[in-house]
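Could you slot chain B onto chain A? The hints should help.
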Amino acid sequence: MSILVDKNTRLLVQGFTGSQATLHSEQSIEYGTNIVGGVTPGKGGQTHLGVPVFNSVHEAVEEVQPNASIIFVPAKFCKDSILEAADAEIKLIICITEGVPTLDMLVVKKRVDELGITLIGPNCPGIITPGEAKLGIMPGSIHLEGSVGIISRSGTLTYEAVKQTSDLGLGQSTCVGIGGDPIPGTSFIDVLKMMESDDQTKAIVMVGEIGGTAEEEAAEFIKNNISKPVISYIAGQTAPAGKRMGHAGAIIAGGKGTAADKIKKLEESGVHIAENLLQIGKKTKEVLNQF
Amino acid sequence: MNLHEYQGKELFAKFGLPVSKNRVIASADDAVDACRDIGGDKWVVKAQVHAGGRGKAGGVKLVSTPEEAMEFANHWLGKRLITYQTDSNGQLVNSILVEECTDIAKELYLSAVVDRGTQRIVFIGSSEGGVNIEEVAENTPEKIIYEPIDPLTGPMDFQSRKISKVLGLDGEQSKQFSKMLPQLTDLFVTHDLSLLEINPLVITQGGKLHCLDAKINIDSNAVYRQPEIQAMHDPSQEDPRESEAALNDLSYVSLDGNIGCMVNGAGLAMGTMDTIKYFDGSPANFLDVGGTATQDRVSKAFKLILADPEVRVVLVNIFGGIVRCDLIAEGILAAIKEVGVSIPVVVRLEGNNADIGSNILAESSAEIVSLNNLEDAAKKAVELSK
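Respectively, the protein sequence lines represent chains A and B.
Counting the first sequence from 1 gives a position; this note's numbering is that position plus 36.
Counting the second sequence from 1 gives a position; this note's numbering is that position plus 30.
Just chain A, same shape as in the assembly (with noise of 0.2 Å):
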């Protein structure tokens, strides 16, 4: 088992004829993901990468019945795009875009919420399920199939602790990049419900930042909801407040959302801390030794 994505995905990729679109889901096809057609408004009919381009969502859904949709439009157009793949009833959005608006975020976050549609990202690197399928833009070879959940703020963070878990041998059930931006589709919270009611999972993995108090909440469901280990690493120790490191989110602002306050949330919530993100890997080996 694993969450959200197997191999009866059938994925639809918006913005498919684009340069990123094309190079990311070449290397998704070949490895395993059925993609099922693609999204490039005025291009319909043609054909790409062996499968069906259309000019909208809409029509992709009538002719080859999609379930999952991936994002690889210009900032400016996402809003419409996630809201388009809304309106066609696609259950499962993934937004690999980075830079869209927040405020945009707020209108797009209400709609997909009252449509109970799970929106991943933006400004992320997707989902996969070693084995199964990608649907995203990470490196598929470093993945190994396996028992860590890993749930994460960061692209590049995400594939250190997979690296580092597929070298020590206990590879991942379903890796879900949330993103960076203030205004996720989906929370660390929504994955981790997930998480602990798919057998696969026997350790889940969190990967946090600074900015924000989405970890602080998490640490909070934690200690209520989830009987599985929890390992956290919290990148942003050493960035100094007020500036914004990168992610729209990564953001220490009137004193709230350091890492060492994370930090001690967490633990106090029973969640086992890497102190490095070198120690990511062997600290999940280890606390997956003491269960």
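Treat each hint with caution, since some may be false.
[Said to hold, decoys possible] The calculated BS3-like cross-link candidates involving lysine-lysine, where the alpha carbons are at most 27 Å apart (straight line), are:
id: 1; chain 1: B; residue 1: K307; chain 2: A; residue 2: K300
id: 2; chain 1: A; residue 1: K318; chain 2: B; residue 2: K409
id: 3; chain 1: B; residue 1: K173; chain 2: A; residue 2: K292
id: 4; chain 1: A; residue 1: K318; chain 2: B; residue 2: K109
id: 5; chain 1: B; residue 1: K245; chain 2: A; residue 2: K279
id: 6; chain 1: A; residue 1: K279; chain 2: B; residue 2: K367
id: 7; chain 1: B; residue 1: K307; chain 2: A; residue 2: K321
id: 8; chain 1: B; residue 1: K367; chain 2: B; residue 2: K333
id: 9; chain 1: A; residue 1: K301; chain 2: B; residue 2: K307
id: 10; chain 1: B; residue 1: K409; chain 2: A; residue 2: K146
id: 11; chain 1: B; residue 1: K410; chain 2: A; residue 2: K318
id: 12; chain 1: A; residue 1: K292; chain 2: B; residue 2: K307
id: 13; chain 1: A; residue 1: K279; chain 2: B; residue 2: K192
Just so you know, these hints were derived from the structure itself, not from any lab.
Structure of chain B alone, referenced to chain A:
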């Protein structure tokens, strides 16, 4: 992106909010005319920088003659104002706001932010104004109201009444506030704000609400669709290297150490800084080359790092997801050739095409230490920085 107080007040005025009659001057010669235009016999002169705490640092003054205003402008224009919110270099003053004097009966606090928890625009109001709001929140939380705005309904009158009660407004002032709340929301949404703060919002001796200060931040993801705001951008208020980086679409933050960092991904960039610190080194910067790094951008990133005279060694840490490591390797070599690097470069490549990338580096004549794992690479960089 941040705005100056005078720019914030221009926007306030445009949306119908009460601000003082004012003039902005960039030359002390204009101070006397500015005071005469405004009229009256007392003025407030305020140095315009992107930082709070100006009053305590001497950057705000009440003057009673136009000549005094000129003196103030003469003193501050072209100088740097250091406040508790700036670094030790302070911020350059290149304009002065001259305002008519407001007689204050009471100081209040009002702000609006995009709240990550409720995922709404939230107004924050307090009867305690002119002070640090974080302290009020800590010590007397009952004096603060948080009122989220539903994007479907916009601000409602009942919400305005709720906030008015906490602010301690009388009937007339509450009526005035019920007009201001939609105006402020309209401003927030129209211009893609991430923060709007009026500290203090005052009640004048005449019993009217009045915006005495204006702090506005714009969502940098949305600046592309805000031409009016783009024109307000003042690069003199930013770290020159950070501005240069932004122009090249790189994310860079200047720090105090001597190990230059070039990393792909914001999270890993922070993680790399933490790792350097963990091995007793000190990072010189945060730099995310981003997901679609081209050879050109990598070269620019390199030049940016090397422009910092403190940097003794550069640590390149790339985990290739979107970015292909062979591309990064070529970028590093091109930049080293172009810039003429005389300090050691430690490179760690992992992920997409990492082998090809490492081979490119190994086969080059450049003096590069290429290591496969981050622990060795970080230790090596720290060793070379000592």
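### Query
Can you give the numbers of the hints that this structure goes against, from lowest to highest?
Of the numbered hints, 4, 6, 10 and 13 do not hold.
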